[in-house]
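Student: Put chain B on the given structure of chain A with help from the hints.
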Amino acid sequence: MKKFLLSTALLSLFAQPAFAATGQANTSAIVMFLVFIAGTMVITWWAARKTQTTSDFYTAGGGITGFQNGLAIAGDYISAASFLGIAGMVYVSGFDGIIYAIGFLFGWPVVMFLVAERLRNLGRFNFADVTAFRLEQTPMRVLAASASLLIIALYLIAQMVGAGKLIVLLFGLEYKISVIIIGSLMMIYVFFGGMTATTWVQIIKAVLMLAGGTLLAALVLMAFNWNPDAMLAEAVKVHPSGTELMAPGAGVSGNPLNALSLGLALAFGTAGLPHILMRFFTVSSAKEARKSVIWASSFIGYFYLLTFIIGFGAIALLVRHPEFYSGLAGDNSNMLTTLIGGTNMAAVHLSNAVGGSLLLGFLAAVTFATIVAVVAGLALAGAAAIAHDLYANVIARGRSTEKQEMRISKISTLVLGVLAVLLGIVFEDQNVAFMVGLAFAIAASANFPVLVLSISWRGCTTRGATIGGFLGLAFATLWVVLSKTVWVDVFGNAEPISPFPNPGIFSIPLAFFAIWFFSVTDKSARAVKERDAFTALTVRSQTGIGRSGAQDH
Amino acid sequence: MQDTIVEKVLKHPKYAELVQRRTRVSMAFFAVALAIYSGFILTLAYMPDVFAQPIGAGWTMSVGVLTGILVVFSAVIMISLYVYFSNKIFDPLLDAIVKDVE
Chain A
279 MKKFLLSTAL LSLFAQPAFA ATGQANTSAI VMFLVFIAGT MVITWWAARK TQTTSDFYTA
339 GGGITGFQNG LAIAGDYISA ASFLGIAGMV YVSGFDGIIY AIGFLFGWPV VMFLVAERLR
399 NLGRFNFADV TAFRLEQTPM RVLAASASLL IIALYLIAQM VGAGKLIVLL FGLEYKISVI
459 IIGSLMMIYV FFGGMTATTW VQIIKAVLML AGGTLLAALV LMAFNWNPDA MLAEAVKVHP
519 SGTELMAPGA GVSGNPLNAL SLGLALAFGT AGLPHILMRF FTVSSAKEAR KSVIWASSFI
579 GYFYLLTFII GFGAIALLVR HPEFYSGLAG DNSNMLTTLI GGTNMAAVHL SNAVGGSLLL
639 GFLAAVTFAT IVAVVAGLAL AGAAAIAHDL YANVIARGRS TEKQEMRISK ISTLVLGVLA
699 VLLGIVFEDQ NVAFMVGLAF AIAASANFPV LVLSISWRGC TTRGATIGGF LGLAFATLWV
759 VLSKTVWVDV FGNAEPISPF PNPGIFSIPL AFFAIWFFSV TDKSARAVKE RDAFTALTVR
819 SQTGIGRSGA QDH
Chain B
500 MQDTIVEKVL KHPKYAELVQ RRTRVSMAFF AVALAIYSGF ILTLAYMPDV FAQPIGAGWT
560 MSVGVLTGIL VVFSAVIMIS LYVYFSNKIF DPLLDAIVKD VE
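Chains as they are written, first to last, in this note's numbering: chain A, 279 to 831; chain B, 500 to 601.
What the hints contain is simulated information worked out from the structure, not anything from laboratory work.
Even for Gly, the Cβ is constructed at its ideal location relative to N, Cα and C.
Just so you know, nobody snuck in bad clues.
Straight-line Cα separation of at most 30 angstroms, DSS-like style, residue types lysine-lysine; simulated pairs: (1) B:507 <-> A:565; (2) B:598 <-> B:513; (3) A:565 <-> B:510; (4) B:513 <-> A:565; (5) B:513 <-> B:587; (6) B:510 <-> A:807; (7) B:598 <-> A:565; (8) A:565 <-> B:587; (9) B:507 <-> A:807; (10) B:513 <-> A:807; (11) A:688 <-> A:443.
Computed spacing ranges between beta-carbons, pair by pair: (12) A:317 <-> B:512: 48 to 54 angstroms; (13) B:537 <-> A:708: 31 to 37 angstroms; (14) A:608 <-> B:549: 33 to 39 angstroms; (15) A:772 <-> B:545: 27 to 33 angstroms; (16) B:538 <-> A:518: 28 to 34 angstroms; (17) A:616 <-> B:590: 52 to 58 angstroms; (18) A:317 <-> B:538: 40 to 46 angstroms; (19) B:537 <-> A:774: 24 to 30 angstroms; (20) B:572 <-> A:608: 38 to 44 angstroms; (21) A:505 <-> B:590: 41 to 47 angstroms; (22) A:704 <-> B:519: 50 to 56 angstroms; (23) A:503 <-> B:537: 33 to 39 angstroms; (24) A:704 <-> B:520: 50 to 56 angstroms.
For reference, chain B alone in the conformation it holds in the complex:
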């Protein structure tokens, strides 16, 4: 019983497309997240002077503090974009597969 469902899903033309595209998208997002995060950590660890500068004349806020705030926003934005992709692209593919198989 289980096997036949698995085989049915595997034979479904949209399954390969779903897996391939979803893997590619989540890997791309993961790579970007890792790049942002490790960029932040590496900069503060090895180039602290870059983060120490004020963001402009007359400002107290430093490049590091501003970058930190932007990095917080970037995490939420990336997750939101991923959800948008999932809802728009992957869910319709998935629904089609589930409808045909079950």
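Same shape as in the complex, but just chain A:
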């Protein structure tokens, strides 16, 4: 096993069994994954024929229903990182894993009560359309595109690196090959099938993931006669932390400000993630947007409950299988450090323990599919930022034709795909754990304040939004770079400069304050016009009237 893990020789595709003990699982995983690929290729071929205009490309022509979109959003949200990551965190420290899940989930009430329907009424392709509705095109689009591309790059790197390593373990592929496979599949889906293919890939994957998670959690509970407390009791008995599993850990209570800060970024970041917000333009009306949120949050909430069961179940059951560890001590004291493949693999091993090689194969295939689907969604949002914001509205100033914009967005997709593969390879041995957190912090500190204030506060002006947005972006980024996760863990300095890793508690209020301050002090003629335009914006955001007539400005 170890030899295989360290092996960097270029292996022939699928030749190496992933688990020494369960070579069988590898075959079923590969078969199921190939079936998934074949299915999604058919969908892409079907979607390609329907993808003619920019509206088809970015938003599937607005023809997705609320239920379908809810599943697609849940698919985007239940990435491999959040499924395996949260199950792994529960495996390591019990209760603390729940905190992350709740933070991610509480992004949804925020999205629903503050932005979802208005977003749908005001924009066409992405959230930059909304911030540029009454404010000046160029600065708003540059801000939105900068923040979006930064978020997408961070997310892409985190997914590619995590995914590459996971696939090395699950399928026995070489790291570079798995990264290239992910990149190529993503480019095919997005390039040919646009949002229609991306959405359907995401829907299929979400259904598979929900089904697989349900089965896994059910098998775990069945092992404890359907008594969750018996499972928890067993987990507490075998875990080195004992009853502390049930309580907030030292990492949280030792630094309450950091916990608070993380909580804010998780809850407000969702309403600023470009690839999530983009999904609200794929439905036909604000009413369908609303339905998307209820389905999305139900599926996500349900899935997180499953993840808790899976995480605690992994603690309780995996120690009965010493073959999943490299030298498990008799008292389990090293159960966190010796789990093969690291603690993020807890859910994967668990599927093998309770469901055998078939369930392991299924879960491995779904995880691979998940990564491809999430990466495709990110690439599409990135292509929209480049082609729709930077090219069509900033460089060409709205004088480009739809055909030109479409061409640029397809070129962007290819460039992003190649870039994702290259970055995935460059960052292979880097510590990328901070990247998703930073992406959420930037989304919460730059995109979210600008979006919310531009649609709900009359006084918001271009000057305020631009300065506030860039300040939030710069502050959050700088803080994270100077914190332990980057300054010490990546750059190797002795002491961090930021007192704790998460910037949200300062960067989010800072952005709001700066937008307010630089808006109220803005006495320009442009500011007066922008405040006057708020009435028309409100009418549109509240009623959706006139949306169909909204063309490129």
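Tutor: The following block gives chain B in isolation, referenced to the frame of chain A:
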């Protein structure tokens, strides 16, 4: 053309009612969501002992784990209630406005 539609909507008697009621409802929901969420985060950050206790004699499950599960449910319930309000109250108002204006 655009302006006349905007003016027509603004003059519509139900428009002010729609905006006012919808703003009030979504702000109230947002406040409740924020209270639940920040209550949860503040408790675990500043009063971890409260969450560490088992929910009863003979139980392993702690107050924190149970609260976490309930908080997950609360998010979905709040969103469902909001959708119910929107369908029952706001959509009829909105439909009336759209019908008169367009």
